[in-house]
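Chain order of the listed sequences is D and Z.
With the working numbering, the residue at position 14 of the first sequence is 14, and numbering never jumps.
Count along the second sequence from 1, then add 311; that gives the number in the working numbering.
Source of the hints: derived by calculation from the structure; they are not laboratory data.
Among the hints, erroneous ones may be present.
In silico lysine-lysine, DSBU-like type, Cα no more than 30 Å apart, as pairs [what the hints assert, rightly or not]:
hint	chain 1	residue 1	chain 2	residue 2
1	D	K262	D	K301
2	Z	K350	Z	K459
3	D	K215	Z	K458
4	Z	K413	D	K60
5	D	K278	Z	K448
6	D	K283	Z	K413
7	Z	K350	Z	K458
8	Z	K458	D	K161
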Amino acid sequence: MRKKLLQGIKIFSIIFLGQWILSSCQSCSNTNSSGEQDDVVESAEKKVDPKLMEDFNKSKLIFYSLPSPLETAMLIKRSGARFNEEILNPISNVTNYNTNLKMALNLGIYSADLSYTGLFDQTQSTIQYMGCAKKMAEGLSIIDAIDETTISKLQDNMNNKDIVMEIISETFMSSNAYLKENDRPAISVMVLVGGWVEGLYLASELTNGSMENNKRLLDKIIYQKLSLITMLNLMESYSENEDIQYLQGKMNELKSIFEQVKIVNTSKVESETDTENKVTTIKAESETYISKEVFEALIKKVAEIRTEFIS
Amino acid sequence: MKNRKKNLYLVIWICLICLLPVNSGAQCVSFAKNVAKIKLGEFVHDGNYNATILGTGETAELYKTFFAGETYRVTVSKIETLPNIHFRLMDNDNNILFDNKKHDYVDVWDFTVESTQMLVLKIKVLEDPNNQQSITKGCVAVLFGIKK
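Using the sequences and the accompanying hints, generate a full structural model.
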């Protein structure tokens, strides 16, 4: 009896082991790029039904790419804004977040703060904010996105901004990818929303409440109207999720203010391609308008939503 | 002694089975990290992950705001066995601003924008003329880099 049981387990094990080896090869990371590529190929017999083929060809996948925390921090820095530690989500708040929604939002928020501190060479704060992001990722059971090695690597390379940016980018992508590929895309969206709101909050606070202080920064804030549309479209795909419904409510409050901001293309969008340098320049003239009242209402609403997210 | 050996054998097999779920979720992450991201060169990857499995003939769209004054490097990478990918950058009115078909289906290109625009990147995995019998599927990753 025992012998039969052992044999049964062995046969089962061999089948599963075979599958395991195949699936491991699909996800393993190695430096052999052609190996990587071969691993993820799968082939299926073509169906003879032309209608089915037509439907297959019609299938369309849509990605909505929001400005990442790193891109937003770069935009803030390039607009000439300064560093202000007081506007960041305090490190001490990290123990306050216990729900998936709060941990996801604050993973995005701490990622934005991490990007901002990293780009402004705030060595100690950057390491501390990486620690906060790590804690949020662990709380969400995101495996291996941020580990002790990441923090050591960051500590060892704090004087090399290129490597710091690389580490920040890598950790954000790893968290994002882990959630998407482990059937938790709604959580991934919450992380993106948190990061986007924090970026908008940092930018709006850095204006010091004035539309005149930094026109380039004001411009970046105004154009977040376009990203807000992208974000609302992104959330629409997960609108059955209660947490996403809550976020849709918040973003619609913001939308009602952004609707009073005007962005008009005053010329046709045209492009000029430089084949030799492999670069295309997109040319268009546009005008924006925001009244003082709308600007103040926007800053107030962003601060209100962000306070709710971090509390 | 024989029983102990069998038990050890049993434990090893069970441990191996337990490891099974660890790698079953990941699909295109390692491809995006180890193949696509490298194509961004000296540009900083923005950290967003846009990758999926597509088959020959399938299409996808990506919506992104391109900010004024920035230079973006876009890579539309695919596994080697997939046919070329045709991608076009379009504005809101469906005007084609760039078409990689005119550039031998190049998979990396830079874009500079003079005023902030929401643009759409439309991609299509081409049909494979050498393989009419089966549909090849594999990872496709669209990554954005920002000039330092």
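Taking the hints in turn, this is what the structure says about them:
Between K262/D and K301/D the CA atoms are separated by roughly 18 Å; this keeps the pair inside 30 Å, and the hint holds. Between the alpha carbons of K350/Z and K459/Z the distance comes to roughly 15 Å, so the proposed pair stays at or under 30 Å and holds. Between K215/D and K458/Z the CA atoms are separated by roughly 22 Å; this keeps the pair inside 30 Å, and the hint holds. A distance of roughly 23 Å separates the Cα atoms of K413/Z and K60/D; the hinted pair therefore holds under the 30 Å criterion.
This hinted pair checks out: K278/D and K448/Z have alpha carbons roughly 28 Å apart, not beyond 30 Å. For the suggested pair K283/D and K413/Z, the alpha carbons sit about 20 Å apart, so the restraint of at most 30 Å is met. A threshold of 30 Å between alpha carbons decides the hint, and for K350/Z with K458/Z the separation of about 13 Å falls inside it, so the pair holds. The straight-line distance between the Cα atoms of K458/Z and K161/D is roughly 14 Å, inside the 30 Å bound, and the hint therefore holds.
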